[in-house]
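Residue numbers (the working numbering), protein chains in the order written: chain A, 116 to 416; chain B, 2 to 342; chain C, 7 to 356; chain D, 194 to 694; chain E, 3 to 325.
Hints may contain errors.
Covered stretches of chain C (in silico footprint by chain B; criterion: 3 or more residues with CB under 8 Å from a CB of chain B, positions within the stretch not fixed) [as the list claims (entries may be wrong)]:
no.	segment
1	72-85
2	201-209
3	235-247
4	260-272
It is worth saying that the hints were derived from the structure and are not from the lab.
Idealized CB from N, CA, C, for every residue including glycine.
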Amino acid sequence: MPDAAPAVPRHESLLRVFVAQFLSSKVAVLGLVMLIAFILLAILAPWISPQNPYDIGSLDIMDSKMPPGAKNFDGTLTYWLGTDGQARDVLSAILYGLRTSLFVGFVSVIVAFLIGAAAGLIAAYFGGRIDALLMRIVDIQLSFPSILLALILLAVLGKGVDKVIYALIAVQWAYFARAARGAAIVERNKEYVEAARCMSLSWHRILWRHVFPNCIPPLMVIATIDLAHAIALEATLSFLGVGVPVTEPSLGMLISNGFEFMLSGNYWISFFPGIALALIVIAINLVGDHLRDILNPRNEI
Amino acid sequence: MTETATLAPARTPRHDAQEAKLLLDVRGLRTWFHTRDGIVKAVDGVSLQLREGEILGLVGESGSGKSITGFSLMGLVDAPGRLRADRLMFGGRDLLSLSPEQYRQLRGKDMAMIFQDPMMTLNPTLRVDTQMIEAVLAHDKVSRKAARARSIDVLVKVGIPSPEERLLVYPHHLSGGMRQRIAIAIALLNSPKLIIADEPTTALDVTIQGQILFEVQKLCRELGTALIWITHDLAIVSGLADRLAVMYAGRIVETAPTPEIVGGARHPYTHGLISSIPSIHTRGKELFQIPGSTPSLLNLPEGCPFQARCYRADSQCLRAPPFAEVGPGHWASCWHQGVQA
Amino acid sequence: MSEPAVILGLRNVQRVYTQPVDLLSRLGGALKGGVKPRAVHAVAGVDLDVIAGEVIGIVGESGCGKSTLGRMLTGILPPTAGEIRYKGKPVASLGGAARREYELGVQMIFQDPYSSLNPRMRVIDIIGEGPVVHGMIRRGEKEAYVSQLMHKVGLDPSYRYRYPHQFSGGQRQRIGVARALAVKPSVIVCDEAVAALDVSIQAQVLNLFMQLRKEYSLTYFFISHNLGVVSHLSDRVAIMYLGRIVEIADTDTIFSRARHPYTQALIKELPVLRTDRRQFDTIKGELPSPLNPPSGCPFHPRCPFVMERCTRERPVLKPVKAAPAAASGTTAAGMDAGKRHLSACHLDDM
Amino acid sequence: RDLTIALRSEPSSMDPQFHSLTPNTQMSETIFDPLVRTDGNAKPIPSLAESWTADGNVWVFKLRKDVKFSDGSPFTADDVLFTYDRVPKVPNSPSSYALYLSTVDKVEAPDPHTVKITTKGPSPVLLANLSMVPIMSKKAASGPAPEGKTTVELNRGDGLIGTGPYKFVSWKRGAEIVLDRNEHYWGEKPVWDKVTYRPITNSAARVAALLAGDVDVIEDPPTDDLPKLKKDKNLYIQETPSVRVIYIALNQGKEPPAGMQGTDGKNPLTDRRVREALSLAIDRKAIVDRVMDGVGLPAANVLAYPAFGTSEKYSKVAPADAEKAKKLLAEAGYPNGFTLSLGSPDGRYTNDKRIAQVVASMWARIGVKTAVETMAPPVFFKQRNAFAFSAYLAGWAASSGEMLNPMTSLIVTKDPARGIGTTNWSKYSNPDVDNLVLEASKTLDDAKRAELLQKAGDMAMDDYALLPLQFELSVWAMKKDIRYGGRADQMTLAQYMTLAK
Amino acid sequence: MLSTIVRRLLQTLVVVLIMSALVFAGLYVIGDPVLMLASPEASDLEREAIRETLGLNLPLWKQYAIFMSKAVHLDFGNSFLNGESAMRLILERMPATLELATLAMLLSVLIGVPLGIYAGLRPRSLAARGIMSGSVLGFSLPNFWVGLMLIMLFAVMLGWMPAGGRGPVETFGPIQLSIFNWEGLKSLILPASTIAVAKCALIIRVTRAATRECLPQDYIKFARAKGLREKRVLGVHLLKNIMIPIVTIGGLEYGQVFAFAVVTETVFSWPGMGKLLIDSIITLDRPVVVAYLMLTVVFLAMLNLVVDIAYTILDPRVRLGAA
Ligand SMILES: Nc1ncnc2c1ncn2[C@@H]1O[C@H](COP(=O)(O)OP(=O)(O)OP(=O)(O)O)[C@@H](O)[C@H]1O
Ligand SMILES: Nc1ncnc2c1ncn2[C@@H]1O[C@H](COP(=O)(O)OP(=O)(O)OP(=O)(O)O)[C@@H](O)[C@H]1O
Ligand SMILES: [Mg+2]
Ligand SMILES: [Mg+2]
């Protein structure tokens, strides 16, 4: 043993440190638990929800707008959270809506992350014209109203959950591109990149193996915030009538549908999905906030 | 030989008439940071005496607690840090009993501080005159005009050409050396009794460093200001300080008049520091090296903090050595203190 | 071979940075007509031969172009003018395998032990990536290879799966050394490689450098602003001022018989341990901005011996007449490149 | 007292001849008067014309003598000529008023108080059409442009002078339109001194504005809120049957339409039995009760009985009968049903997309799997015209209040050249019906015309040419001290609002 | 010649060109304006006639070319819906949006900055955690939902504010503002608060981050070492430095609010430009949509420029780097 210091066990990896740090905040752990619970509920929705709200044949219009706790016509089913205007069980609709919302959120954020990160890294690494070009595209993207974009995409591609995802990706990738570029410019000037260049490594190797992993933390932070944003944005699009199809309602769709009933006293149709949305967004943000604290304590917006 | 016994003479400074009055008297200063991972004992039992007009060089490696000692004296320890001391007297006042407002009035008036990085110490968004005048107005009820005039005086003293113009610019227009001079000028504005200089030349080039040292030395002599010069470079302070104190892991391990330290260090760490300085004379030879690296201040093991790296360490060192006088005005904290290193 | 092999040759190497000009000043410029992009002559023309096996120290104040020069040597940064030759061949014309051989042959050790190691890679990958990618070793041999290197630089090989943040500053610097050694370089450029280290650690790393030099017969290009460190390590020292070399000679000559007033001042400034109180007596003024360097001799505004001529005419680097090395040497042309004492000062002409 | 009305949509222009659109029309009905008006049941009643006589193609209108414009100038036949002359000259009109004068050949003024109109052929709809064209003041609306005062000028109130009960004061686009009582009005003075219209497109916001007391009357409160609004003691709700029918059109082309599956390349919708089955599957009463909260009437025809030209036969809805529907499907060869798509606009008609979903679930119960496709109205109409659905839900308002209008637009075979069947996007074509409707359109004798129309309507309904679902009730909610009788044409007219006793 | 501004303008011009082309194509694929405009009873011939009067019968590229050739002379065409100049319609609506956006941003900054500084100063205190959790909520709840809840609470249940619409206005030349009028201000408060909820959350976050970034800086410590009062340290030394990111982000957000206050204006029937945009999109009133987006692109670009200049004023390092 050349050195007196005790050998640190091999498994004390970054991941370990990261996990330990993450677990140090109770609120964040609570957020994570909530988030996982929501994800599980969403995945298991077809098996645990009392009714399949997509199966329109099983809906009976006579059961519409039942208050929470009411039973259905032949008493076989209790609507714990009531029913909506289409006689959908609100609880089931929330579970399925959760599925749509989370799916839309996750998929759009992941794809936007990948596209944006690639564009941002390339812009930062090469600079000059490529940078200018990519950033102008980003500018255009950012000054284009998302609602109009969504409407155009929906008109061109038709309605569908996947189309909403395209719209959200188109809106979001630009944020990632900007952030990735900012992070990559900082990283590019660090000495380890020069060291890698000294090693005569190819640019793509340097970019992906060296620079990119170091840009992930700030991007992860944006990703969590964006996830919450994507879900909220989808809800807004649905509110403006350019969101997911009525037959596959997301939480946002449920809220905006239910809003018509808000003043009439049938509060549950909109209220419970609203609570679900608020909870999930809060859970994501709690996790994201803490991630930001441990991943990049300096740059926390 | 307990601490109290050895330090007894210093506690009655008035009797010590052959030299100037005791300005600063610190005993058992402990500044601990209560962090999530545990308690970081950044300063753990520092004792210091400083007479009026005396220049003390505080030397130590990075992380040994030099800056925190300085901040503790200034009452500027930040949030998770907690300060305790057996005795903290400054100019006859007990700093431990001061209210925050009284402490504020003391800061910048009777004791001033200069920081390491001249690029960061001046507020980049405020003009130099604003930053100087506010320092005067914080302590004296004088007109802005008088404050400005005083600023110009002091700028001249620290050797800044055409000070009126310099007052009107933003810090970033000035070079590092200029900025450091302005920081020194700000420290001098209210004619403090003590200046704590925290590595003020580390970030500067050799030639500029020389200029700053020159100005500071001159001013302290002229104004009779006491100075604590914090640095990690023994060579720099050796030509400046009357007395040196060497810090290691949050304590002072040796203190003595400069010639004594340079010529006859008693602590193995001090000795190691001195002999590991590279120079033209060491060319071609292998440098003396202290093995290992600086210990973490978190959960430092019992006993002498240097034992793990010390060539003289033995079982005795598992107990903390006392800080004892080993010669006239020469104190060291080592079980082997009698032995000249 | 009577003449030592020149491994890296620099001929009038220059590097100009054009700085983007900020908005308002550009507006101002536009109103006055004509905006010149501001050009920094970071390196304004350096001629230098690095001899295989020597340690050449480069000293100068902050911003005088030391790092820029070092980066150009390693090939990270292309020079804007002039020529760099590696083993006699101009590197600009190298391609393919020859280019790679050059790039790997000149390695760099960086100042900041924190930012110079990729925080998301394990030590084994940091050290082993280069040799594996370039096929110097097979993937399976990586572990053994890295372990052996780590051992060599004084690191416990069992730490090879750790990440950089689990090491202290001195240990990190050793990782950087191992990384450079891994591709079997012949020249190592050390850019302030010990400046960030504490004195006690600095001594360890300096000793390591010397030990490795012997073992691998390395050539060091040692950049530092600390004359003490340079004097300890180097065979030859070049003093830079505002992008140019103003004096170059072997270490003893520089420290005993420096000709250039700037070098003399630097040596006087060199802090040394002493028991008496020192009288500081310094060069006035500061390093001028490379944006608008002074006319004539760049040092003239600070020079205690300034003459009228100095403000007009820039002195060129030329052999010092009375230099003993020159006297003992043969003719100027065939003179041993490593033994010449050159200086750029008009005082030499008198 | 002043009155504030929340409108469901803002007029696009103040020019009474620019854009034929309900919000515009109701505004010009208040500021102007036409020669003839229609009453709440779409019957022509005198307005600026005291009386009229028709003789073949020549109509003679006797004008009221004591009428003054709101600026005090007298109203004469000249103004009528000017008005009718201006109609085709209005540029860039997105929906021209020329439509209403298309049957007019010639307009003359034998004397200042008589107008003689010659039509191109027998024109039974002339009176209804003229009621859509309000009379402008020649003096005020003349100008250098070919059309006199331009639309832009009129929008600012320049030249916007009528004989109506109110006169224009100001229009802040998107915010409010203010009218003042016309002191020169020839008829009975309306109750309100000043009327302010505020466009509040979001229906919930409209209700909120009423509840918050910001406005006195709102148009079209959401049906879901009605039960609660009705209970509110501070409010009064007026429900009036309207001329709007909500229907489902079935694509009856030879080829299976878009979205249809499981039919072996045939289009089952061409089979009358299938159409009947689909109709029987729909429980219209449930839709009216549960989706519309009672704000509608189950529909068996394209216009509610006893409107002109409707027959008693289709005055009542046959009860839903899923069993019979399944039997019919089986007879037609689809015992297991098939799959089709049902398009619906989202937000064009009251509860449109919800009705579509409910219909889909009802059809699902007889085995016809239905994919509901709802979309924003502009997208929907484009898709509909491209035949992108197997069936679609839409609405039709018979603005003239009689059967000829819906029959011509919805049922008659599409013939772009003759401009008939314009909204028949179902490819339904029955020459017998076409002939009857054509004949009716040329018959001046009311009794005879009614009979022809009844016959044509019955034929179409026997055929299940399209499936009427419900007639919308027009609803107004107002403060309890206000009364409004409501109108079948769904217009909100301030002059007919009164204070409750 | 003023190269930066010119370059920015050129870039903006390119963006405007691309944007208008995109919108042209986009609206074309959404649907046929004539279907939305014409009376349902109109015959195909009549529709064709309308198409012809509006120039919609030409190929799309030709329509675009015609539009562009007019746009060069600052004529952006007339609204399909009401025949008025599209740009005029927009400008008419602009003051309403302007005052909404301004009040919203003002509220956010006035509330957000102090809260953010507090949260940055005492990051571990209960109040700071409360503020941050609140900002998470404000940040992530959909805007329309917040607006509706505010209406429910303050307009319907409490009856303190009007539920929507714009109150009485004061006229200043061609501009009408409701902010100088108590009744008008009342109708402005709810929609402004709706926007402010989200923006305030953002400002809190930015401020907190900047504060936390700034606090450990030497110059703050040096200010304290000078013996300055805490009020001056925070009020001058800290504030001046954190204003830099706040102004940058605040400025950009102001642009976003101004250009796309669509949702809020819809919920509150606020007669601003956003409402006009969504109405025009729904009726496919292309001239208005195109003119609107051209205007906002130019506006956003100008705002960026202003933010940059403000940035250089706030941060002297940027301003006089060359001097
Ligand atoms: N806020 C803090 N929280 C926790 N630990 C701290 C904090 N501030 C300082 N420390 C720890 O206190 C120790 C002493 O720090 P200090 O800044 O006094 O060192 P120094 O001797 O000035 O070093 P340097 O030469 O690098 O300036 C360090 O180990 C540092 O990690
Ligand atoms: N990427 C760059 N763009 C513009 N100017 C640069 C760049 N890099 C360096 N410079 C300028 O070039 C000059 C020389 O820089 P260099 O880093 O080579 O100096 P140095 O001698 O290494 O200084 P130090 O001792 O501070 O490291 C400096 O004035 C610096 O401002
Ligand atoms: Mg320090
Ligand atoms: Mg350097």
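Taking the hints in turn, this is what the structure says about them:
1. 72-85: violated (count 0)
2. 201-209: holds (count 6)
3. 235-247: Check passed, 4 qualifying residues.
4. 260-272: holds (count 3)
Hint compliance for this structure: hint 1 alone is broken.
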